[in-house]
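Undergrad: These are the residues of each chain, in order.
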Amino acid sequence: MLHVDNLSHQILKQVSFSLACDQNLTLLGNNGSGKTTLAKAICNLIHTDNVNVEGKKVTHLTSRERARYLNFVPAKLSIYDEYLTVFDYLKLNVVKDTPSTHPDTVLELLEISHLKNKQCQKLSSGESGLLLIAGAMIHQALYTIFDEPTANLDQAKKIRVYDLLKNSSCFHNKIIITHDLNLAYKLGYPILFLQEGRVHYHGECETFFEPNHLQKYFGKSVKNIEGNFVVNYDESF
Amino acid sequence: MKAFSLLLAIAIIFIAPFFGQIDLNFHDMLDKSSSSYLLFWELRIPRVTIAFFSGAILSLAGLVFQSLFRNPLTTPFTLGVASGATLGTAIAIVFFAGAVFWQYLFSFTGALLTVFILFLISRSLKTTQTNSLLLVGVALSFFYSAALMVLFFLSDFSQSYSIVRFTMGSLNIIGFDLVYPVCIASILLLSAIFFYRTELKLLLASLDFAFLKGIEVGRLTIMLLLLTSLATAVCVSIIGPIGFVGLIVPHIIKTLYQKSSDQLIFPTFFYGGVFLVLCDLIARNLGASSDIPIGVITSLVGGPFFIYLILHRNRTH
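If you're matching them up, the sequences are chains R and Z in order. Each step along the first sequence adds one to the number in the numbering used here, with nothing skipped, and position 218 is 218. If you count the second sequence from 1, you need to add 1000 to reach the numbering used here.
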């Protein structure tokens, strides 16, 4: 059980929600609405006492418990060590006392085995994105928060990652931050919509995607084409 | 290339004790009553040994500092440990003239006191403020330098010379008594860094990443820094603050090996030791009437080579 209780920090204002075991969540919101800040606060990358995981305040968890329960997959891979290879990076994702998948298996699943010995700093942004997901599959935290997991991927890779997010047994509970409404809709997880740091919607996916809600939160920038939610570029002028 | 470097390094270590201002008589080397025996076993071998382990400590400390601060210019001396040792030595020279024992004791106390001050300050800093600790170290160094200036004014000519001579570093030791602490400190440091190699690699990858994998980033960083400073303190209090070794050896090794830090621990330790043995070998054999201070040689050899490496590296990237 993950519980955020009246969290106010930086942009966030009185954010409260709970995530039961075996429940997932999609976190939506405009740029600067506080999605990443919320994710970091949950993982204790930002220090706050308002988050409880498995009945304990996140600040009171031991470092090993924290690693077992929580993982944050950032939008961009940022590695300082210029000689760290993809394989070494993946090995570093193994958390003690937690089951993990072998790096080779994960590389095959994501179809990036050819990058195994490449230096992380030399990956393209799309390859980095896949590596981050591969890392999370090895870490296997109880709650994994993905920050825009499909942002830099080509179409085929987007489908691959969607499939993994939806079906892989490596992820237990997921919180997925995205701007891709189509992904949010297809995943079908409950939606939490943030606007200027406040929770404006928390509920079922189907309800969120009803026309009146879409109109309320996105204006005319989104249109529904036979069950696919796409950006309405026609609105530009 | 690596095999060649290794063979060359081993050769340097083995030939180092045989060369110096006084030629050895090889026939007498096992005769305990001869001067060659004394020269070889009581002066040269301890000198080469202490050079090796000191170079190893300074280089490994450099690797750890550069990794933790993520700054290629930090060295084992950045936190003021060497300045503390120098001030301690100066106090001993001015107020306990002539007593070598007091020099070592004060020097080590100066370095240790600095580590202790850093420890106290680090407890009141937020765990992520590693750079603040760096600034505290720089401030301490300036404070010590000022205190050293005061001592210069209080000292006579020969005392001033002794203080300056200490700051240039010296490997002039007799017997093995002073070799043991340096040797033990270097082995302990090597073991500790090797034990924490995965954690070090995580920290070097990304601080947030390390945190998410269950590392107490601030606590681990400070512990490694203090441990490294302590080993440096032992070394500096005996041989003086020998500059440049901690700065250049990790860079040379990184350029040669092109691997992550965890795979550089042993090479840095070994080649750091060999580098100082080589510098000492040059210092003893330049033909001057007395040995050239080791610190002068490390900078003379290291400076141009370092610039060459940086230029070469920029060309290959």
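Calculated from the structure, these hints are not laboratory results. Hints may be right or wrong, so weigh each one.
Unchecked claim - Selected chain R positions facing chain Z (Cβ under 8 Å, derived; list incomplete):
#1 Phe-17
#2 Leu-45
#3 Ser-63
#4 Asn-71
#5 Ala-75
#6 Tyr-80
#7 Phe-87
#8 Leu-92
#9 Val-95
#10 Tyr-201
#11 Glu-204
#12 Cys-205
Claimed, not checked - Here are the simulated EDC-like pairs of lysine to aspartate or glutamate, each with C-alpha atoms no more than 20 Å apart in a straight line:
#13 Lys-96/R <-> Asp-1208/Z
#14 Lys-40/R <-> Glu-1216/Z
#15 Lys-91/R <-> Asp-1208/Z
#16 Lys-76/R <-> Asp-1208/Z
A quick note: this is a predicted structure, and the numbers were derived from the prediction, not measured. The beta carbon of each residue, even a glycine, is placed where N, CA and C say it ideally should be.
Undergrad: Evaluate each hint against the coordinates.
TA: So, going through the hints one by one against the coordinates:
no.: 1; hint: Phe-17; verdict: 21 Å, violated
no.: 2; hint: Leu-45; verdict: 6 Å, holds
no.: 3; hint: Ser-63; verdict: 5 Å, holds
no.: 4; hint: Asn-71; verdict: 6 Å, holds
no.: 5; hint: Ala-75; verdict: 12 Å, violated
no.: 6; hint: Tyr-80; verdict: 6 Å, holds
no.: 7; hint: Phe-87; verdict: 11 Å, violated
no.: 8; hint: Leu-92; verdict: 6 Å, holds
no.: 9; hint: Val-95; verdict: 6 Å, holds
no.: 10; hint: Tyr-201; verdict: 28 Å, violated
no.: 11; hint: Glu-204; verdict: 30 Å, violated
no.: 12; hint: Cys-205; verdict: 28 Å, violated
no.: 13; hint: Lys-96/R <-> Asp-1208/Z; verdict: 18 Å, holds
no.: 14; hint: Lys-40/R <-> Glu-1216/Z; verdict: 16 Å, holds
no.: 15; hint: Lys-91/R <-> Asp-1208/Z; verdict: 16 Å, holds
no.: 16; hint: Lys-76/R <-> Asp-1208/Z; verdict: 12 Å, holds
Consistency note: the structure conflicts with the earlier hints numbered 1, 5, 7, 10, 11 and 12.
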